[in-house]
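2 protein chains.
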Amino acid sequence: MRRGHNLGAVGEFNQAVILDLIRRAPDGLSRVEVAQASGLSAQTASNITRRLIDGGLVREGERLITGPGKPRTLLRLNASSRYTVGVHLDPTVITYALLDLAGSVVADHRARTPTAPDPAGVIADMAHEISAILERQSIPREQVLGVGIAAPGPLDASRGNVLDPPMLDGWDVVPLRDALSQATGFPVVLEKDVTAAAIAELWVDSGPRRDNFAFFYYGTGIGIGLVINHEVLRGASDNAGDMGHIMVQADGPVCSCGRRGCVGDLVVPHRIVQRALAAGLIAADSPVDRADFDDVDRLFTEFTVLAMRHDAVSREIVMGVATQISRAIVSIVNLLDVDTIVFGGPFWRRIEPALLGAIRHLVNTDPALIPKHPIHIENSGIGEDVAAIGAGCLVLDQSLAPHTSALLISR
Amino acid sequence: MRRGHNLGAVGEFNQAVILDLIRRAPDGLSRVEVAQASGLSAQTASNITRRLIDGGLVREGERLITGPGKPRTLLRLNASSRYTVGVHLDPTVITYALLDLAGSVVADHRARTPTAPDPAGVIADMAHEISAILERQSIPREQVLGVGIAAPGPLDASRGNVLDPPMLDGWDVVPLRDALSQATGFPVVLEKDVTAAAIAELWVDSGPRRDNFAFFYYGTGIGIGLVINHEVLRGASDNAGDMGHIMVQADGPVCSCGRRGCVGDLVVPHRIVQRALAAGLIAADSPVDRADFDDVDRLFTEFTVLAMRHDAVSREIVMGVATQISRAIVSIVNLLDVDTIVFGGPFWRRIEPALLGAIRHLVNTDPALIPKHPIHIENSGIGEDVAAIGAGCLVLDQSLAPHTSALLISR
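These protein sequence lines map, in sequence, to chains A and B.
If you count by UniProt numbering, then the first sequence holds residues 1 to 411, one letter each, in order.
If you count by UniProt numbering, then the second sequence holds residues 1 to 411, one letter each, in order.
These are computed hints drawn from the structure, not numbers from a lab.
Heads up, a few of these hints could be off.
[What the hints assert, rightly or not] Take a look, some chain B residues computed to stay more than 10 Å from chain A by CB distance:
#, residue
1, H128
2, Q143
3, L226
[Unchecked claim] To give a feel for the contact side, a few chain B residues facing chain A, derived at Cβ under 10 Å:
#, residue
4, N47
5, G121
6, I123
7, D125
8, D242
9, M243
10, C257
11, H310
12, L336
Beta carbons are placed, not taken as given, at the ideal position from N, Cα and C, and that holds for glycine.
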């Protein structure tokens, strides 16, 4: 049921709109431009920018003389006024990203995720590392807005619990959000990894193609972050974004779910490594399983280097993967009518030269594609730490970005 | 990019919120209850209800004495103050539904869609039938808010064009919206059929399970209407909701798209009829194609009657269809994390006794299902005319319902 409109929230919403405008204008904006772009009155815009300057979030830059009138002072984000820490818990690696208010990465760090099932130990390590990052950068704790943590689903988001994610043994119902908050003393927000990645894209890249898009996350596993009408789609229990069991190959191997040819079972790095091993393209001393993280990583790199030679055998493997991913993408585009798919994640950059063009061609020429507009297939502009950066952006987003839902009176 | 908040729209938004509250309370609401439920001040709520009464949309009913204070006057929707006409263009049948302001069907009508490709003739027929319905009900034209038309996708919604829907020969780029508006003199809104059906569900049933749901439309073809956070998901070009090419059976027949076992090719009525014919359960003089609409309709009914006997052969067909639909539903639930699937459409009611329980069981026990919450599998409370009713509700929705997007300043 809709609730009435919350007049008290209008000021905060408009403040978030203006901060968002200034944040997205690296060359600065004058007060007149802020008013024009926001659609607010000059007086309202001016009052809000004053508050933002007083709070240290925005600073006045150089004066711009454009005509006979009063010179215009450019407003810029004061990026070093606030910070957040994003953490990405992956079965293989824990990634940390310290972000400033502009969403720029000030520092980052990676550590191998312990394979022994010890959530309490992992959380203690995380808290220690967060403190160490802030100390190394000499950032006082009061300038930190909070910590965002991205974790594989399924999650119980309302309680802040990680449920039983695949490949993280011993992580059954772990209260990650509250435990990390207690260990660090910071407010913590928990988000599904693919949703965090989509938030990073929204926050860092504001191009016109970013209203309806899907973020294809290519890591140890795959997933899809969804953005509809410029807001992330989280779903009824905040677990949206699982695409692993979309069937894409009728004669594919039997998945753990009992169906054949599920995309999440076919296109992940350890499967590509297994196919390349079976074809004799690369070699290993013993069979490689998905749990052999280091071997998978090394052999995957070997394969992607070989694939650049475009020999028939590696090309067959690459085209198979491109076809499988494209079919899943077409199912998603048909369902949601998104017009852009952004690809990223820890394993993406290595295989992208071989895959991206093929996927672009296959998706846009697929006879099963329903929408009549072109589907843009793009690389993420963000690096391999996209989920950690997204987790940090999540804190920025919750603290600062305008959400129309905030305009409704809460129950 | 977000734009600022439109203060001028607040009044209209709050008016829509209050009208929505009164509409959803068939037993009436007092002014105090309206203020409490909307979260608005007593004065604001009272001013708005006064405007609604003056405009004839709301009427004052009996007075309620609940204590020593002033008796409370109950406010009720004046359902017969405004009307809309919903039209559903289907390859088989054109359905008309005259709705009052409460979304109740005042009158309806069905006509066979001409098989000859003649869009202009069909549009002229529609205009004629709309006038005839209004005349038969003695409804003056000035009480009609507009006409909503639901059509199969793909659509060019911005231009109001129907593109090349399957099974509607000759309907390549037909300006349906503007042509029908010209022929009737009413404003016309065009919507994809499955989205219209989802709007009908939102409008008519406001239960707690209606925030994140998918409407499975079972007609000559299948489709899925999506509601996320209580608003319909239309997508970048308003063509969201196509699920036909989700693969669900590895050894299924080859679809027109070249893949095997696409759900939209497997579970539609003419395929069930063909399977029942092949199994000797029912008989026809000649082979039945999807274009033999009358034969498919009659034989489908014959099969569904037989299927109630639960013999081994019909049970095998039914369980095959239930499995195929369930697998597609699981893909959609995993992707979007909806918690409810509502089933309806012209062919649904006949096969529902055989299918609904099986689908409920299969979806909720599927090893591929990711979210941990139960998935509610329900029948639509609306009849077989759901898309026509939804098209009418679309006009009500656009005219009356609160949308947070209306709070943003338009470009």
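Worksheet item: Hint by hint, which ones does the structure fall short of?
Response: 3, 4, 5, 6, 7, 11
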